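Visitor: Heads up: the protein sequence lines correspond to chains A and B, in order. 0 is the number of the first residue of the first sequence in numbering that gives the first Met the number 0; add one for each residue after it. 0 is the number of the first residue of the second sequence in numbering that gives the first Met the number 0; add one for each residue after it.
Hints are supplied without guarantee of correctness; some may be wrong.
[Stated by the list, open to error] Below, a list of computed lysine to aspartate or glutamate pairs in the DMTMM-like style, where the Cα atoms sit at most 20 Å apart:
1) B:Lys315 / B:Glu20
2) B:Lys315 / A:Glu228
3) B:Lys247 / B:Glu223
4) B:Lys315 / B:Glu390
5) A:Lys69 / A:Glu28
6) A:Lys39 / A:Glu212
7) B:Lys315 / A:Asp218
8) A:Lys181 / A:Asp218
9) B:Lys1 / B:Glu223
10) B:Lys371 / B:Glu20
11) B:Lys188 / A:Glu312
12) B:Lys188 / A:Glu228
Since the hints were made in silico from the structure, they are not lab data. Computed from a predicted model, the values in this text were never measured in an experiment.
Each chain is listed here by its residues.
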Amino acid sequence: MTVPSLGKDLLGLEPLSREQIQLILDTAEPFKEVSERAIKKVPALRGKTIVNLFFEASTRTRISFEFAEKRLSADTVNVAAQGSSVQKGENLVDTARNLESMRIDMVVIRHPSSGAAQFLAERIRSNVINGGDGMHEHPTQALLDMLTIRDRFNRIEGLRVCICGDIAHSRVARSNIWGLTKLGAEVAVCGPQSLMPGAIEELGVTVFRRIEEAIEWADVLNVMRLQLERMEAGYIPSLREYYRVFGVTLERLERAPRDVLILHPGPMNRGVEIDSRVADGPHSVILDQVTNGVAVRMAVLYLLAGGRPELAEAAKGDRGGGA
Amino acid sequence: MKPMLLRGGRVIDPSQQQDGEADVLILDGEIGGLGPNLSAPAGADVVDVSGKVVAPGLVDIHVHLREPGQEDAETVTSGAVAAAAGGFTSICAMPNTDPVTDNQAAVGFIVKQAAAARAARVYPIGAISVGQRGEQLAEFGEMVAAGAVAVSDDGHPVVSSHLMRTALEYALSFNIPVAEHCEDPALSKHGVMNAGRVATRLGLRGIPAAAEEIMVARNILMGELTGGHIHLCHISTRGSVDLIRWGKARGVNVTAEATPHHFAITHDACEGYDTNAKMNPPLRAAADVEAVAVGLADGTLDVIATDHAPHHYEAKEREFDDAPFGVVGLETALGLGMSLLVDKGRLSLPQLIDRMSTAPARIFHLPAGTLKQGVAADVVVFDPAARWVVEPEQFRSKSRNTPFRGWELLGRVERTLVGGRTAYLQGR
Chain A
0 MTVPSLGKDL LGLEPLSREQ IQLILDTAEP FKEVSERAIK KVPALRGKTI
50 VNLFFEASTR TRISFEFAEK RLSADTVNVA AQGSSVQKGE NLVDTARNLE
100 SMRIDMVVIR HPSSGAAQFL AERIRSNVIN GGDGMHEHPT QALLDMLTIR
150 DRFNRIEGLR VCICGDIAHS RVARSNIWGL TKLGAEVAVC GPQSLMPGAI
200 EELGVTVFRR IEEAIEWADV LNVMRLQLER MEAGYIPSLR EYYRVFGVTL
250 ERLERAPRDV LILHPGPMNR GVEIDSRVAD GPHSVILDQV TNGVAVRMAV
300 LYLLAGGRPE LAEAAKGDRG GGA
Chain B
0 MKPMLLRGGR VIDPSQQQDG EADVLILDGE IGGLGPNLSA PAGADVVDVS
50 GKVVAPGLVD IHVHLREPGQ EDAETVTSGA VAAAAGGFTS ICAMPNTDPV
100 TDNQAAVGFI VKQAAAARAA RVYPIGAISV GQRGEQLAEF GEMVAAGAVA
150 VSDDGHPVVS SHLMRTALEY ALSFNIPVAE HCEDPALSKH GVMNAGRVAT
200 RLGLRGIPAA AEEIMVARNI LMGELTGGHI HLCHISTRGS VDLIRWGKAR
250 GVNVTAEATP HHFAITHDAC EGYDTNAKMN PPLRAAADVE AVAVGLADGT
300 LDVIATDHAP HHYEAKEREF DDAPFGVVGL ETALGLGMSL LVDKGRLSLP
350 QLIDRMSTAP ARIFHLPAGT LKQGVAADVV VFDPAARWVV EPEQFRSKSR
400 NTPFRGWELL GRVERTLVGG RTAYLQGR
């Protein structure tokens, strides 16, 4: 059997096959253990240079990537280019050309514009990893969500997963829809129609307009962050009402016919999309997601750098060479 | 000027129901005669155009020439030269220049630049409102006296129904159309492509069809209220076509145009974040593309206009959200019309010439769109069977922003005459 490769870049889950997604998840398994060691470092990416190019504020994704890179022994540089892409002096083409000239190996990019990761990937030879582009995709987030679900159920196929909240503006939702459907899950979305993107059903998902229906249906709820700007832009009347009508509360979960696993990509708005008692309660695997994030990103970096999946286990203990 | 005899072509002139083999004589820059077996005057250039189509020069009532303001993207001269290469002999320049063409001096500047270009004729369109700000009417009377043939705030819809009403009423005194870019900006806000499946997948903000249709409906009602001539620019949706059909049936003085890109391609062209497929109104779904073609065939949509919108390459070489709207069209319009409307049996060749020459000249009251004896000899000669490949590097336009790179198109312009003078000759 031939092992699928990931190609040059990881821009999203839509272009990946089921086998490629499974490869990443399987490769992440041995890397989980690295973070549990006293000395959290393997030499797999020694000598590789990675730039974390963040055009948008991020705490956990940037830190998670940086830990993944450092635990693989790569040399890393963080570039925080604040402000919108229009406001900043240098455009993305020039940024790309400058990076290329410094002979880097990989770029992790986060950018407020959809398509920015692809734009960069088409213009530089280095591997590009999409760390979130606009409302398009956030593939490593969806991968860590899937790894967390798989940890709990030992499978993804046949599970019912509902993504709740602001689907229209969410790159996490889109990547989850692609990844989960490719792995054979039944996927639904739930939220007010004003936060649904057009023609969402054509992506192969069921739409629930009431959270109670979603909870009754689902094995897993992946609760999206509701950004305050959405209320200001008139998509919903108030955060207070949103919580009362669409919030994932303990009372609602207690009426569910089965235990529902709760995920949230963070950062959470406690008391808006999710009840603190749920976030901190036994249904929640929100902190497991964060832990898995490092392992999944190690797997992606390792595979894109040319690491062979069957050697991931060996790479952990490899003191001699790179990947 | 030497006389010229175009011998043996298929002469198509919808203004006089002419379609058949004939000769066309050009004398002193005017059409001197049209008929079979004309004899060439002494010293005439006799050009064998057998197998070619001879038609009144094409007329494009919607182009952006970027001068003054963005001369690196296009100038009046480069636009007029590109027009001639595309078979156009008359083009109408939209006023969204910098500064805006909203007064007689600015209109006069376009007229002066056009005269110097010595290519296609360029007719300025004045702004509806001062600065295109949608507040105060611009001085239509003085602009018309200086050479403006219509008014439009194109690029900026006239949001105020009161302003649209007064514009249509005031324009009646000068017998000019009010051309409107139909868009409800509250509904299209931040949108960069058609709302729907592709936008959802790409994570791009959508512009719903209703953003156009609401304003199409309002403008038809404004036309009915005032009796003024409302001309609706670049119609892109099935609903808009239905509304215009309804308006015409009610007897409203409404005319409408469609662009080649809106009858040629769908929003699928935005895949891969191709900024050359970013335009406003956006490329729509397949049902809309079909409705536009049907509308052009049945005359609901009167005119094909390009909305030629040149942009410097670096403006398009960026993130989709930040790239400007627009596509160049002058040099691909005839080929797209031939390939997608005539070759596919949607329109007859005379109907295509009507939509691209006779009809636009009629609705904008231009001295064009006909080969009647005595009119200026604005003529296009094209080979309806020749196939050619779109190579943007070969464009006369200063800009290259087209989604049709590499397309093989049918119908190649051989010669364009403006006032009897050869403004374009294929291969030169």
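Visitor: For each hint, tell me whether it holds in the structure or not.
Guide: Here is how each hint holds up against the structure:
| no. | hint | verdict |
| --- | --- | --- |
| 1 | B:Lys315 / B:Glu20 | 45 Å, violated |
| 2 | B:Lys315 / A:Glu228 | 29 Å, violated |
| 3 | B:Lys247 / B:Glu223 | 10 Å, holds |
| 4 | B:Lys315 / B:Glu390 | 17 Å, holds |
| 5 | A:Lys69 / A:Glu28 | 18 Å, holds |
| 6 | A:Lys39 / A:Glu212 | 44 Å, violated |
| 7 | B:Lys315 / A:Asp218 | 45 Å, violated |
| 8 | A:Lys181 / A:Asp218 | 17 Å, holds |
| 9 | B:Lys1 / B:Glu223 | 50 Å, violated |
| 10 | B:Lys371 / B:Glu20 | 16 Å, holds |
| 11 | B:Lys188 / A:Glu312 | 51 Å, violated |
| 12 | B:Lys188 / A:Glu228 | 15 Å, holds |
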